[in-house]
Amino acid sequence: METPTEKAEKKLIVAMDIDDLSQARDLVKELKDSVGLFKVGHQLFTRSGPSAVAMVHEEGGKVFLDLKYHDIPHTVKNAIEAAVALKVAMLNVHAAGGSAMMKAAAEAARSKARAITVTPPILLGVTVLTSLSDADLADVGFHSPVAEEVTRLAALAYASGLNGVVASPHEISLIRRVCPTEFLIVTPGVRLPDATKDDQKRILTPRDAIHAGADYLVIGRPILQASDPKTAAQKIVDDMAGALV
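Throughout the sequence shown, residue numbering follows this note's numbering, covering 10 to 254 in sequence.
Derived by calculation from the structure, the hints in this document are not laboratory data.
What you are looking at is a predicted structure, and each value in this text was computed from that prediction instead of being measured.
Don't be surprised by glycine CBs; every beta carbon is placed ideally from N, CA and C.
Please note that the accuracy of each hint is not assured.
So the derived label-pair ranges between C-beta atoms look like this [as the list claims (entries may be wrong)]:
#  : residue 1 : residue 2 : range
1  : L201      : D148      : 16 to 24 angstroms
2  : H220      : A124      : 15 to 23 angstroms
3  : R185      : S108      : 16 to 24 angstroms
4  : G69       : G150      : 23 to 31 angstroms
5  : A124      : E157      : 17 to 25 angstroms
6  : H79       : H152      : 30 to 38 angstroms
7  : D148      : H79       : 15 to 23 angstroms
8  : H79       : D26       : 30 to 38 angstroms
9  : K19       : P129      : 15 to 23 angstroms
10 : G170      : G222      : 33 to 41 angstroms
11 : K19       : S182      : 18 to 26 angstroms
12 : Q32       : A168      : 13 to 21 angstroms
Okay, derived cross-link-like pairs now, DSS-like style, lysine-lysine, Cα gap no bigger than 27 angstroms in a straight line [claimed, not checked]:
#  : residue 1 : residue 2
13 : K16       : K71
14 : K96       : K71
15 : K38       : K96
16 : K239      : K16
17 : K96       : K41
18 : K19       : K121
19 : K71       : K112
20 : K77       : K41
21 : K38       : K239
22 : K96       : K121
23 : K112      : K96
24 : K16       : K38
25 : K244      : K16
26 : K112      : K244
27 : K41       : K19
28 : K77       : K96
29 : K38       : K71
30 : K71       : K19
31 : K96       : K19
32 : K41       : K71
33 : K112      : K38
34 : K239      : K96
35 : K239      : K19
36 : K244      : K41
37 : K112      : K77
38 : K96       : K16
39 : K41       : K16
40 : K244      : K19
Go ahead and model the full structure; you've got the sequences and the hints to work with.
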């Protein structure tokens, strides 16, 4: 039977928001036994491409490919197929791309995984970025509050066949009202009580986010900028584990 700490480790995703592949490799080597996945996002993928994904696999880690695809359905379908061929464990699209795009992505993930006999990746829909407030949404023409937009997009992602969403921990309870418990919620915007918020506006502590119902937490700067990343990650895991006792 897994301990609360072991459960917490699987739920922690380290955001490798860096552009140096060697530095990223050192981070994976240091943390691979105490976290669940490593997020390869725009910065690292733009610099190193699929080599970044291959590196994580070589070192024994799992990859969350965070490229937030948002395009016409055919283009996103092709991109998803290419990502599945990289054997990533998790990837995402922008839910604002619409139902047709998300359905195309979901079918592409399943069919490509079958074709190359790999486990289909967890496919997530990004709802509203945690850096955005109600006022920010209004600036770009969305006049509903963040909470309403997140809930609507989560319901659309579920109906379109996605496995879960990326959302602020503050919207977890709202999502649980419209989507079943097996629909995963991945939450950025998580900080320990004594940490800086950086540019995140809707945050909770790791323990509070897990208690609220988050399935995975994505945490970058509090680990990357620490003098001892492993100790920083362990503090986060310990805080998460308190909600899993």
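Requested in this report: Would you pick out the hints that fail for this structure and give their numbers low to high?
Outcome: Those not satisfied are hints 1, 2, 4, 5, 6, 8, 10, 12, 26 and 33.
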